[in-house]
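K.L.:
These protein sequence lines map, in sequence, to chains W and R. Its first residue numbered 1, the first sequence is counted upward by one per residue in my numbering. Its first residue numbered 128, the second sequence is counted upward by one per residue in my numbering.
What the hints contain is simulated information worked out from the structure, not anything from laboratory work. A few of these clues could be false.
Lysine-lysine pairs mimicking BS3-like chemistry, simulated, CA-CA at most 25 Å apart [claimed, not checked]:
#1 K19(W) x K57(W)
#2 K11(W) x K129(R)
#3 K11(W) x K68(W)
#4 K12(W) x K129(R)
#5 K193(R) x K129(R)
#6 K58(W) x K12(W)
For clarity, every value in this text was computed on a predicted model and none was experimentally measured.
Here is how the chains run, residue by residue.
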Amino acid sequence: MEEEFESGVVKKFMYVNRKVPYGTIYALEVLEMILISAAFDQDVHVAFLDDGVYQIKKGQSTGDSGMKNFSPTYRALEGYDIEKLYVEKESLEERGLTEADLLVPVEVLSRTELAQLMSEMDMVLSA
Amino acid sequence: MKFAILVNEGPYNHQASDSAYLFAKAALDRGHEIFRVFFYYDGVLNATRHAEPPTDDRNVGRNWQKLAEQHQLDLVVCVAAGLRRGIVEDTLAPGFRISGLGQLIEAGIQADRLVAFGD
Chain W
1 MEEEFESGVV KKFMYVNRKV PYGTIYALEV LEMILISAAF DQDVHVAFLD DGVYQIKKGQ
61 STGDSGMKNF SPTYRALEGY DIEKLYVEKE SLEERGLTEA DLLVPVEVLS RTELAQLMSE
121 MDMVLSA
Chain R
128 MKFAILVNEG PYNHQASDSA YLFAKAALDR GHEIFRVFFY YDGVLNATRH AEPPTDDRNV
188 GRNWQKLAEQ HQLDLVVCVA AGLRRGIVED TLAPGFRISG LGQLIEAGIQ ADRLVAFGD
């Protein structure tokens, strides 16, 4: 594909999802970015915090809203070797959610731990 | 330093594109390199050729075009985000080009810093 790019450089990328899945397009277009970055053999991390945790909540139904329910795509990330998914513990708790409410296996980190992980990244893209 | 810039919001509704432009200009003035400017989400709307803002206000798209001309900047509009919003070859202003998201990832790999402007 035209995107193919060989440099041998592997950087730590983190995509930080902070917004609800619907209402704005950010969650969907971040997902498109994540999928593309899989083709570049980079060290990809995906974090969900604040209202972003709702992006991977089970049982999403967009019903008659006319919005596309893209939540099944999160389950496909594993097939693209994107397995480093993180959720902030405090964000889950503040919303009355637990790990059992989530669509995909994640590592739950405290706010402090997530901040530490972020500081180790080469690139953090947040939306 | 080698910078890459990501513009995540459209012109006027947000100040993000203005801030990104001023950042790019300041960086270039101080002798830094801008590897690429990538436009994503509503940021692709900065690349429309049809914008005609009132003449007593800045022209955000034109500012980018002029800066690109002066410094041979690579202004890249995401093809998928552009198609959603009607930014295609026919509507694209001079100085911009349309390409894939891979160009953003490549910029992130190549640059020392990727600086994102948006909400």
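K.L.:
Does each hint hold? Answer for all of them.
P.N.:
Evaluated hints:
{"no.": "1", "hint": "K19(W) x K57(W)", "verdict": "holds (13 Å)"}
{"no.": "2", "hint": "K11(W) x K129(R)", "verdict": "holds (16 Å)"}
{"no.": "3", "hint": "K11(W) x K68(W)", "verdict": "violated (32 Å)"}
{"no.": "4", "hint": "K12(W) x K129(R)", "verdict": "holds (18 Å)"}
{"no.": "5", "hint": "K193(R) x K129(R)", "verdict": "holds (20 Å)"}
{"no.": "6", "hint": "K58(W) x K12(W)", "verdict": "violated (28 Å)"}
Hint compliance for this structure: hints 3 and 6 are not met, and every other hint is.
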